[in-house]
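K.L.:
I would like the entire structure built from these sequences, with the hints used as guidance.
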Amino acid sequence: MAKEIGAISWKDLPPGTAILEPGSSSKLKTGDWRSMHPVTDYECCIKCGFCYIYCPDMVYSRNEEGFFVQDYFYCKGCGICAHECPKDCITMVEDGSDG
Amino acid sequence: MAKRVAMEVSIALSEAVKQANVDVIAAYPITPQTHIVEHLSELVADGELDAEFVPVESEHSAMSSCVGAAAAGARTFTATSSQGLALMVEILFITSALRLPVVMAMANRAMSGPISIWNDHSDIMLARETGWIQTVAENGQEVYDLIFHAYRVAEDHGVLLPIIVNMDGFTLSHVVESIEIFDQDVVDRYLKSYEPVLRLDPKNPITMGPVGMPEVYTEAKKAQDEALKASRPVILQAWKEFGDLCGRYYKPVETYRTEDAETILVTMGSIGETAMTAVDNLREKGEKVGVARVRLYRPFPMREIVETLQGAKRVGVVDRHMAFGANQGPLAMEICSSFYYAAQRPFVYNFIAGLGGRDVTVENFEEMVSDLESLESGKFSEFYKIINVRE
Amino acid sequence: MGTATEALKSFKGYNLKKRLPLEEPLAPGHRACQGCGEVLALRQVMKAIGNNVVVASATGCMEIITSPWPQTAWRVPWIHVAFENAAAVASGVEVGYKALIRKGKIKDEKTVFMAVAGDGGTADIGIQALSGALERGHNFVYLCVDNEAYMNTGIQRSSSTPYGAMTTTSPPGKKSIGQRTWKKDMPGIAAAHHIPYVATGSPAYPVDLMNKARKAAMVEGPAYLHVYSPCCTGWRLAPELSIEAARLAVETLVFPLYEVIDGRWVLSKSIKKPKPVSEYLKPQRRFRHLTEDDIATIQAEVNKRWEELLARVAQDGGEPAKEESPETE
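Protein chains in written order, with this note's numbering: chain A, 18 to 116; chain B, 2 to 392; chain C, 9 to 337.
Source of the hints: derived by calculation from the structure; they are not laboratory data.
We put the CB at the ideal spot given by N, CA and C, even for glycine.
Now the stretches of chain B that chain C is said to cover, found in silico as 3 or more residues with beta-carbon under 8 angstroms: (1) 21–35; (2) 45–55; (3) 72–82; (4) 91–98; (5) 202–210; (6) 213–226.
The calculated BS3-like cross-link candidates involving lysine-lysine, where the alpha carbons are at most 25 angstroms apart (straight line), are: (7) 281(C) - 104(A); (8) 113(C) - 204(B); (9) 193(B) - 252(B).
P.N.:
Encoded structure:
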């Protein structure tokens, strides 16, 4: 726990309190912040890529078939993707409900 | 090995920077440092120094660019004085916190206001909070020598701290002195190339200067404090090796006729040489006087101060800075505190002198010595006295 | 002159389907607010810039949310020093590399040097360092992510805050309509330094923005990118409307998209039927207090600045070049 929040001995600090592990923020589950999450109807998806490019939290990635799929670990539930999807394929669903 | 040349001290300093083969110079002109940056510009323009000279638009950007360059892995240099130091001081704290071995020459000058281009130590005192190592030169040779020492110490992997080399503005920077200039191979034996421990490199991406959450800030400061303390043996060793190289051995506190002295004056910077003349005069008259000159200001050489002064009956500390609202000038306070826990301590009094370029004369020093004798036995309400002020 | 034009001859544009940059130099898990338009803009720019970059950031939202000890969202080398000196730090990194390469200490990998700052760190406290770096001609990309106030310290006004906007230091009240002055023209100021490349961008037009970021990196010398960055928290905007606000800014002419390439002004998107500025203002509660008169005043100034821009573009013989136009069909 102490190490996770960086509460370590002064002797273990890198010089200048530099952070040596690139992209280590990816350990934080910002998905815990949300109350809703986006669900995509892939029947209607045209693989345009807007959900991917409009996500501030890099939730989407492109799968082998070219669809853009969510990894909810980081999703803050902002709703941009659902709002911007040109075909209205994405719905914001409450966390904890089915979907 | 070396050749003796008469040259202006600022020029000699620039030559040392050239011989240290710096990679980046980012500097902004300010009287009385200008000859340094001008000469460095010429050296770069003529291809004598292969470095990037960045004519930044302010001192704040000078230090910021030095930080960027040092973080990229370059050996960097800058120079400034009073107002310029004040403008960049925000970044000085960060340079040392980031553990970047920037070397800066300071042509010591009074802080405004009123605006003064002349010499005193208010810029040294402003910088003392910043975590930088500070050395102080008394003459041109020392200015030249201390530059090599600075890079050698700063870049040591056990140190990695920035260093200010102080020289009195005008009084040193603008005088012509006889200086022994090393042959390049001598410098190359003393100073190796800079090998950074951490640098900004896409092949090994690190984050420098993150947010210091409360969980880490105290530890970060402790780490910095320990680094500054650990620099002391490196500083001493580097001076020893410098001495082995050329015969000039530097010490954290230089002493002159202090061994059997009953009265010791403590100075910093070029007035030390005048004090030595006063000491000789007084010695002629049978007074047992000596002078201790502080060469290493940060980290403060408490051990050498105590060793040098403890045998004396009375000590007159000269500060060239008004510490408003304080009990005494900063050097005096630090010397008093050095003795606080000691079983035995000399009588210490503080003289404020040489503000804003006012000369400190042989007579002034003689007056300080006689003042000390009367102060020691008398009563006084203030712990400092401004010397040579028109009442 | 002409160096940018020359360098950009080999430029190839991005495309969401066929040429989508997949790198993410910025990692998720950063602490931005949900729906943050600024981190989205930064993400898009970094994707186009790639991993061979050294970034110097100013204090501000993007610095704070990406570097809370002990974690960092940066997968590329990054340094933060202070608020007003991103351009000076980046200058130092650039010359450091230049010297080390020339002296044979490191290899030349054609690394891009970047400074990132908000509108505060660019137009106000950072303007001196920026101007100096542009004038000295350093080879770097300066990214201003503009959310139109000092957001990280709590929504205080900057010189980039638009007329009439509510901020905590330009609050509307009985004697005030909010911000009394007009948004400082930072891209114009950058262009006045006669640098090879200046561009405005918006995360609502990601292909256009990524193209511009790539071009900025390709150009030798200073490149200035001014990117409109909606801030839901500071603008009192629903998070899902971030992109829509950025789009409306362009469609209502509030934030035109253009480039200045070797001093030649080029419109990126020609807006034939601009929407009224009220459509842009209404969803943002920072403008809620404005009267119809205030809105008319804003509309007049927006129109005036647009006409000025069109005149400069016409002077340079410009129609928006075909490959510049954004992808949204």
